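Please build the complex by placing chain B on the supplied structure of chain A, with the hints as guidance.
Okay, here's what each chain looks like letter by letter:
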Amino acid sequence: MNAYFFLELDTTGPQITLYAPDYTGLDYCPVRVEGDELLDSTLDLYVVDSKGNRFDAIISHYGTYFEGSIPFHSLAPGIATIYARARDTVFNQSNVAEKTILVYGQDEVTSLKIETAETALVILDKEGCLEIELGKSLSFIESDSLVPSTLLVIGTFPVLSQIGAAEIDARSDLMQYQFGNTVKLEAYFKDFDGNPVDPSNIKLVVYDSKLNVIATIQVTSENRVELGHYFYLYTLPSGTNPKVIHYEWYAEIHGSPTVKRETLKLVFV
Amino acid sequence: MIDVTSVSSYKLSNVNGFDSTLVTFESDTDITAWRINRLGTSWDTGEVLEEESLDWSRALSNSWNSLKDLTWLEQAYIEAEVSITGEIYASELQAGEQRINVYGKDRSGSWSPYGG
Numbered sequence: 001m002n003a004y005f006f007l008e009l010d011t012t013g014p015q016i017t018l019y020a021p022d023y024t025g026l027d028y029c030p031v032r033v034e035g036d037e038l039l040d041s042t043l044d045l046y047v048v049d050s051k052g053n054r055f056d057a058i059i060s061h062y063g064t065y066f067e068g069s070i071p072f073h074s075l076a077p078g079i080a081t082i083y084a085r086a087r088d089t090v091f092n093q094s095n096v097a098e099k100t101i102l103v104y105g106q107d108e109v110t111s112l113k114i115e116t117a118e119t120a121l122v123i124l125d126k127e128g129c130l131e132i133e134l135g136k137s138l139s140f141i142e143s144d145s146l147v148p149s150t151l152l153v154i155g156t157f158p159v160l161s162q163i164g165a166a167e168i169d170a171r172s173d174l175m176q177y178q179f180g181n182t183v184k185l186e187a188y189f190k191d192f193d194g195n196p197v198d199p200s201n202i203k204l205v206v207y208d209s210k211l212n213v214i215a216t217i218q219v220t221s222e223n224r225v226e227l228g229h230y231f232y233l234y235t236l237p238s239g240t241n242p243k244v245i246h247y248e249w250y251a252e253i254h255g256s257p258t259v260k261r262e263t264l265k266l267v268f269v
Numbered sequence: 001m002i003d004v005t006s007v008s009s010y011k012l013s014n015v016n017g018f019d020s021t022l023v024t025f026e027s028d029t030d031i032t033a034w035r036i037n038r039l040g041t042s043w044d045t046g047e048v049l050e051e052e053s054l055d056w057s058r059a060l061s062n063s064w065n066s067l068k069d070l071t072w073l074e075q076a077y078i079e080a081e082v083s084i085t086g087e088i089y090a091s092e093l094q095a096g097e098q099r100i101n102v103y104g105k106d107r108s109g110s111w112s113p114y115g116g
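One line per chain: the protein sequences are A and B, in this order.
Sequential numbering of the first sequence, starting at 1, is according to this note's numbering.
Sequential numbering of the second sequence, starting at 1, is according to this note's numbering.
Bound conformation, chain A alone (with noise of 0.2 angstroms):
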């Protein structure tokens, strides 16, 4: 039995940072909006592209953070600016808080032909057990909505779009993987027509949940299986509290970058 409680006045709106990537490609892109304090779950999210289109979107609540995978498909290449804002629990707006992101793409400014370039992932553990066999999907994907400049995509459609879908539950929809195991993660990489092709300057990057680098990785064709098919054992990170990853392909196909991410969820088993 109380006669007495505590009341706060909060007359000032919350810090918030943006985390995403420097570049992507015409592809969903891992995005997080950081708060100071709890954050009301209404945030607005939108992207600007090179052409002055705004593109808004939505990305999954989790109480001091925003966090998830917004699609940049119908993006135009060159320089976009992702813009968030929002609000605490009593509705102080916060700071607008932006980044800036080259997106990949057939464009004078990036000189890039993307769209001649397809990357499938398949994601394999180290006994070989399949995950994820983004690859062969391919096959079973055929939309109408699909222009050829988003065939970059194609390879991991299913996945990313089941991803992107249930917001909500986004998080749970992801593979998890214990913590310090070595996971096996392959490309595939193929030109427009589906023909295997060797890109150059290969690369694996993982990031952490704030798009921070933790790892960039080059691969040579000491992980190279066979004309288009490239692997690489990786170590995931050690901890104990559940973390999200985002890892990605890097290559470039006749000298034209591509790019492709999936996220991983580290739990402790």
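Errors might be hidden in some of the hints.
Unchecked claim - What follows is a list of derived Cβ distance ranges for each label pair:
1) A/56 - B/87: 35 to 45 angstroms
2) B/80 - A/210: 51 to 61 angstroms
3) B/6 - A/74: 48 to 58 angstroms
4) B/17 - A/53: 31 to 41 angstroms
What the hints assert, rightly or not - Think about it this way: if two alpha-carbon atoms lie no more than 20 angstroms apart in a straight line, the pair counts; the simulated DMTMM-like pairs of lysine to aspartate or glutamate are:
5) A/210 - A/98
6) B/11 - A/36
7) B/11 - A/8
8) B/11 - A/40
9) A/210 - A/44
What the hints assert, rightly or not - Which residues of chain A face chain B? A partial, calculated answer using Cβ under 8 angstroms:
10) 2
11) 3
12) 4
13) 6
14) 7
15) 8
16) 9
17) 10
18) 11
Since the hints were made in silico from the structure, they are not lab data.
Bear in mind the structure is a predicted one, so any value in this text is a computation, not a measurement.
We put the beta carbon where it would ideally sit given N, CA and C, even for glycine.
Here is chain B on its own, set in the frame of chain A:
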């Protein structure tokens, strides 16, 4: 003894819809007045946010018209364990967290103690 039974929001702002909170409390004895203070350590210290007096003292500051529809009992005291609700506005507060104290005055004229 006063017991705060519910507070609709423990955090306020100046944004419409979040700029006030409802405080519900009750007393285990009949009371003739209550007071909600910001800070302070007794009923007569701190800043008075809301108050109500049902004893004859309020007749001094109210016209008869405002009292004529009330019964003598209603004018005289609030029975024990009857819920009482007051409203606190953001405009009455200072930024940050602050302690809000609720006091009641029994029919003998004694105010409840700090914290209880």
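Hint check:
A hinted range of 35 to 45 angstroms holds for the C-beta pair residue 56 of chain A and residue 87 of chain B, which are about 38 angstroms apart. Between residue 80 of chain B and residue 210 of chain A the Cβ separation comes to about 56 angstroms, which falls inside the hinted range of 51 to 61 angstroms. Separation of residue 6 of chain B from residue 74 of chain A is about 49 angstroms and conforms to the stated range, judged on CB atoms against 48 to 58 angstroms. Look at residue 17 of chain B against residue 53 of chain A: about 34 angstroms separates their beta carbons, and that is inside 31 to 41 angstroms.
A C-alpha spacing of about 14 angstroms is found between residue 210 of chain A and residue 98 of chain A, which places the hinted pair at or below 20 angstroms, so the restraint holds. A distance of roughly 16 angstroms separates the Cα atoms of residue 11 of chain B and residue 36 of chain A; the hinted pair therefore holds under the 20 angstroms criterion. Using a Cα cut-off of 20 angstroms, the hinted pair residue 11 of chain B and residue 8 of chain A holds, with the two alpha carbons roughly 5 angstroms apart. For the proposed pair residue 11 of chain B and residue 40 of chain A, the alpha carbon gap of about 13 angstroms is at most 20 angstroms, so the pair holds.
About 19 angstroms separates the Cα atoms of residue 210 of chain A and residue 44 of chain A, which keeps this hinted pair within 20 angstroms; it holds. Taking 8 angstroms as the C-beta contact cut-off toward chain B, the hint placing residue 2 of chain A at the interface holds, the least distance being around 6 angstroms. For residue 3 of chain A, the shortest C-beta to C-beta distance to chain B is roughly 4 angstroms, which falls under 8 angstroms, so the interface hint holds. With its C-beta approaching chain B no nearer than about 5 angstroms, residue 4 of chain A sits inside the 8 angstroms limit, and its interface hint holds.
Interface restraint check for residue 6 of chain A: the shortest CB-CB distance to chain B comes to about 5 angstroms, inside 8 angstroms, so the restraint holds. Look at residue 7 of chain A: its Cβ gets to within about 5 angstroms of chain B, closer than 8 angstroms, so that hint holds up. For residue 8 of chain A, the shortest C-beta to C-beta distance to chain B is roughly 4 angstroms, which falls under 8 angstroms, so the interface hint holds. Checking residue 9 of chain A against chain B by beta carbon gives a least distance of about 4 angstroms; that is within 8 angstroms, so the hint holds.
Using the Cβ-Cβ criterion of 8 angstroms, the hint placing residue 10 of chain A at the interface with chain B is satisfied: the shortest such distance is roughly 5 angstroms. Taking 8 angstroms as the C-beta contact cut-off toward chain B, the hint placing residue 11 of chain A at the interface holds, the least distance being around 5 angstroms.
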